[in-house]
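Visitor: Sequence:
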Amino acid sequence: MTSNNIRVRFAPSPTGYLHVGGLRTALYNYLFAKKNGGTFVLRIEDTDRARFVEGAVENLIDTLKWAGVDFDEGPGKEGSHGPYVQSERLAIYRKHIDLLLAKGSAYRCFCTSERLDQVRKEREKLKLAPKYDRHCLNLTAEEIEKLLQTNTSFVVRMKVPEATTIAFRDAVREEVEFASDALDDQILLKSDGYPTYHLANVVDDHLMEITHVIRGEEWLSSTPKHVLLYKYFEWELPLFAHLPLLLNADRSKLSKRQGDVAVEDYRTKGYLKEALVNFVALLGWNPGTEQEIFSKAELVEQFSLDHVNKAGAIFNIEKLDWLNFEHLRKASDGEVLAMLKDEIRKSPYSANRYSDEYLLNVIRAMRERMTFVRDILDKSPYFFESPAEYDASVAEKRWKPETAGQLKQLAEEFSGLDRPGKEQYEQALQQVAARLNIGNGSLIHAIRLAISGVGTGPGVYELLEILGKDESVKRIHHAIANIQHE
RNA sequence: GGCCUCAUCGUCUAACGGUUUAGGACGCAGCCCUCUCAAGGCUGAAAUACGGGUUCGAUUCCCGUUGGGGCUACCA
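Mapping of the first sequence onto numbering that gives the first Met the number 0: position 46 corresponds to residue 45, and the numbering continues sequentially without gaps.
Everything labelled a hint here was simulated from the structure, so no lab data went into it.
The beta-carbon is built from N, C-alpha and C at its ideal position, and this holds for glycine as well.
Don't take each hint at face value.
[As the list claims (entries may be wrong)] Across the chosen pairs, the derived CB separations fall in these ranges: (1) R50 with R366: 42 to 50 Å; (2) Q117 with T139: 30 to 38 Å; (3) S349 with G287: 25 to 33 Å; (4) S220 with D249: 16 to 24 Å; (5) S190 with E300: 20 to 28 Å.
Please model the entire structure based on the sequences and the hints provided.
Guide: Below, the structure written as structure tokens:
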């Protein structure tokens, strides 16, 4: 499928679940790759052993698969640039660290974390940038040898040049510049032998021949360190594209505290993958047209880094709900049926009590009235069980002293009908109303309350038809016996 | 605090110096339709953060202010 050399990657940390911001980043990478005939790589950045969560990788892959954001190379889909899990690439990083050490672009640091804390505090007091004081940069070869011999634990730091400017081009932010003096001598190799993000990321992006690094804006500040590393290794720079962050309603970075951030949370809440993908695609990107509803294929067709925004975007659920409604109505009756059966299985109702034909009728009646498939159960439980109680405010308004007698006549009329449809119910009701010399409306509202228990929902005749004659008549009699007016 | 970065309706966004009484969408309000609720149709309220420049002309370019966000870990 790859007609050129464009290669992008999504590089999450397996710390639990896929964040919706991560989904957005993965999606943009995916769309960019598909649009340009490139390759989309999934790489697992598990260099922090303390934060590793069992099963997180599987969960990540499963969630990506659910969302339809498929990768071309990655764990379980080995290509020519593997392995795709960083903890399996330790020897590679070690080799590159040695290279840096030999060139003098990096140095060993034997300082204890206690000393580091102290240095930090002192510099903070002096209002200086919180940087390492380069104590170990001045160690002699003999001193280093001695420390190594005694197995003193150490880290490897990058040697940042003094008084220069590090500039790079960003596809969404154009030129970005940093003064090297503001940069810390970043740790590249931790004392446990694992690389930090900065080293592993640069080495892997190069080795995996990544051409475009599309990632969240939280990485913008550390990009000069990465640029420096590319320079030390004498590697060609990829094109960076830093995406605006997804925000909470108060404009802080989207966090768990203020709502659901895990893709699986939205999945279990009943959001369609089509809606979620459509929604996050629009958070930070626009097609340049007035189109709002997109299929995945349309997103691929229209996606471009040129239309990526700079400012952070608030994750606004209301629009997501609307998109869910829109995508749900695009689903076929059969697709909704399958989803509805799933919901019924999770509900107190018994799954095989209702025929497909019956459920399909319910779906057609509720089509324009649901945002989630679950709404069918929540908003119209009367399709699944007789009303146990009757809405008091509706009863007060629609159930008059004479209503019981009128409905009794109507029920009798219905009983005499032979396999009635909507039209027959309507005719019967009109006849009874005429006979009683009352408007159709008073009968209609009363009967709705009687058969559904509530005052809202699909048309009454449709309700009667779906429920069937026997069930409807039964419910009417039950209502007559149980609804009190005033 | 320092560095980086961002700034159009409540929210997501359009506008790439003049075609703009700043457009669309979500949400909100009203009207129509109607047996209710929806759906649908129509209408409405709602924004260029502020101050200086540059220019015949600034939402658009420059500077500053203010405000927001990110980073500032042997986390990614």
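Visitor: Taking the hints in turn, state whether each one holds.
Guide: Hints and how they fare:
1. Here the CB-CB span from R50 to R366 is close to 45 Å, well matched to the stated 42 to 50 Å.
2. Restraint check, Q117 to T139: a C-beta distance of roughly 23 Å breaks the suggested window 30 to 38 Å.
3. The hint said 25 to 33 Å for the Cβ distance between S349 and G287, and at roughly 51 Å that hint is violated.
4. The hint said 16 to 24 Å for the Cβ distance between S220 and D249, and at roughly 22 Å that hint holds.
5. The supplied range of 20 to 28 Å is broken by S190 and E300, whose beta-carbon atoms lie about 49 Å from each other.
This entry does not satisfy hints 2, 3 and 5, going by the numbered hints stated previously.
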